[in-house]
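K.L.:
Place chain B on chain G using the hints.
Protein chains in written order, with numbering that gives the first Met the number 0: chain G, 0 to 289; chain B, 0 to 437.
Derived from the structure by calculation, the hints contain no laboratory data.
Glycine is no exception: its CB is placed at the ideal position from the N, C-alpha and C atoms.
Watch out, some of these pointers could steer you wrong.
Each computed SDA-like pair below joins lysine to any residue, with the alpha-carbon atoms no more than 20 Å apart [stated by the list, open to error]:
#1 G:288 - B:178
#2 G:55 - G:92
#3 G:256 - B:133
Some but not every residue of chain G turned toward chain B, in silico, with C-beta under 7 Å [claimed, not checked]:
#4 254
#5 257
#6 261
#7 265
#8 272
#9 279
#10 282
#11 285
#12 287
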Amino acid sequence: MKNLLQNRISTFALMISVFFALFASTESIAQQKKERVRLNADYVKVTGKEHYLDIKASARIDRQTVPVGNIDLTVALVLDDEESEIGKTKTDAGGTARFVIDNFSALKPDSTNVYNLIVIFDGNDIFKKASRDVTFRDATITTELIERDSLNFISARITDTALDSALAETDLNVQVERLFRPWKIGEDYYTTDEEGHIEVQIPEGIPGVDGVLNLEVVLKESDEYGTVKTVLAAPVGDVIVDESTFDQRTMWSPRGKTPISLLWITFSFIIVVWGIFLYLFRNLFIIFKS
Amino acid sequence: MKSREQFIQDLAPKKFTKLEKIWLGLLIVVMVAGMIAYIDQLVSGLEVTNLNDYSLWGFYISNFVFFVATSFIGSAAVAILRLTRNNWRTPLVRIAEIIALAAIIMAGITIIIDLGRPERALNTIIYARFQSPITWDVIIIPTYIVASFFLLYFPLLPDLAILKEYYAKSHPRLSKWYGKLSLNWTGSAAQKAVQNRSVQIIAVLILPLGLILQTIDAWLFSSTYRIGWNSTNFGPYFISGAFVTGIGTLIVAIFMVRYAKGLQEYITESHFDKMGKLLALACLIYLYFNANEYLMPAYMSTVNEAIHLETLFSGHYSDLFWFVTIGGLVVPIILLMFKKGRKPLPMFLIGLLVVIAAYWKRYIIITPTLLHPYLPIQGVPESWRDYFPSLHEWLISGSNLATALIIFTLLVRYLPVVAIQRTMDETEEEMKNSKKAS
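Looking at chain G on its own, in the form it has when it is part of the complex:
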């Protein structure tokens, strides 16, 4: 009987050990099977305003590309094989993050005037470590509004900032800023001449708030310079007439802005009809008293 009990205890202990061993191995397999994060980072410069990196994090899970949200990323400047952190950011639920470079002038390029940044993900329980290099040179687009023969033109010139040399044979987009996506003017793109210069006529009749058009000249996703954009506020558009009835008394306004005429009609109806009712009540009273 004692032996039987001992055997049962040993069997139970063995089973527990096997279970924990299996559990531990599953855990370790799970740890080994961390997913790989793919990082993408595009440099964008808006002349006179800001410099930023548009970062995207994704992973290939179950043969599908899914965004990786809520991961912490570090952005560092690489100079002479040394990384110096310039800030941190975090991806949103869609796996995107925008890292604004607060003090661009403080960044130092290498000896060839190339800026070397790196976006680093340190890894977590689910994803492995990952990083992405971003290299770019600094370019500047200068713009000018020209009026000639009663026609308006936007003149733009793109130069390499460090070398102060014009960028010839470069494709630039000219577009008007709009709420959801910009509206291109004329051709899909304009190629700069030897002076790094383009000139594009601004069509008449483009509406803008107070007649001001925010004209954008954009070097888009260049391998060497990233995206460079310059915005010129030009008072050459048609003035948008604000047709909003938000502050007016309309049939579609909230109750505080009911049209006065409707209030008049309704209250007149109530007063007249219920006035007659009062008169009829009075008549009942007169009948009662007489």
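P.N.:
Frame of chain G, contents of chain B only:
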């Protein structure tokens, strides 16, 4: 010529017969069953109904529209016939006035039943937005209730005074009540002058109020951008529909009251004949508006309209649609063309058919449209694509109808359904005229 006593004897309210007691008992049972269902609805919320995000106006709103339409008889039969001095109306108007009052009271109650949280009905007043037809409805329904009350009450005063005297010895307590309600009516010249003036005013007022009520009811729908509702035709369409419903209800009611109270001498075959002609006219007008309402969208046949009309003409609701159109309008028109069709019993059956069809007409105005929104129904349970009232809705709606009938039955029990004083006056006048003529 009958004596004053004979008139009063004939027209004074009588005790319930055994049959009437059974009728009232049945109505009370239905009403109580509905009240229990309503209490459950109050506790559990509207989930006990089959209403959903799409069929948000179901059976309850059909009831509401039906009651509103029925109440139009107050304006249609009473005011129009009174203002045009049609004396044949006299034995019918009181019943019409009672129907109008009972129906409009129940319309007001039904709309509150449709709210999952009835206390929020106050919000329609506290947060009233005057651009909304719902606010107009909130204004017009109480107004019409008061107007219907006056329409019933002013002409009643002389009769209540007569009943006070009549029951003074046999039923002193009842007599006391009649006395209080008669407001010390003595029939003096001053009282008569005030009463006549008041009746004239309310008879004129009830007509535009009735038209406004029906139109606002129609605008609740037509001001909504939905297939089958968004129509400029809807105001007159609803008014003509209410005319049919009201007259149909009145015919059924006068037949039953005539039979139950033994009023064959006062409500004659001639009255049924005239009401039959009026109903035929109302049905013809309504049929015309129906043709407008359905044929023009069918001619245009935009995709959504075509789908909606297909559901009505040959689809899911076709049986009901053709029943209300053929059974509720075409057949009555044909039958009412024959004199035999305008006899009391055929008229009762036709009236009943018209009323039943009129009720389901409201249902097919509301439900199929709600199930055909412009944006597709998706991402919801499959059952939401269709609507059929739940047991709670049936019980509560049945209770609504029963309550309206209880109000009607009790008013018919305690009020003279044919105006006593006016009948006596008219008979006297007729005698004088015939003497003069001879």
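K.L.:
Hint by hint, note whether the structure agrees.
P.N.:
Against the structure, the hints come out as follows:
no., hint, in the structure
1, G:288 - B:178, "holds (14 Å)"
2, G:55 - G:92, "holds (11 Å)"
3, G:256 - B:133, "holds (17 Å)"
4, 254, "holds (4 Å)"
5, 257, "holds (5 Å)"
6, 261, "holds (5 Å)"
7, 265, "holds (5 Å)"
8, 272, "holds (6 Å)"
9, 279, "holds (5 Å)"
10, 282, "holds (5 Å)"
11, 285, "holds (5 Å)"
12, 287, "holds (4 Å)"
Hint violations for this structure: none, all hints satisfied.
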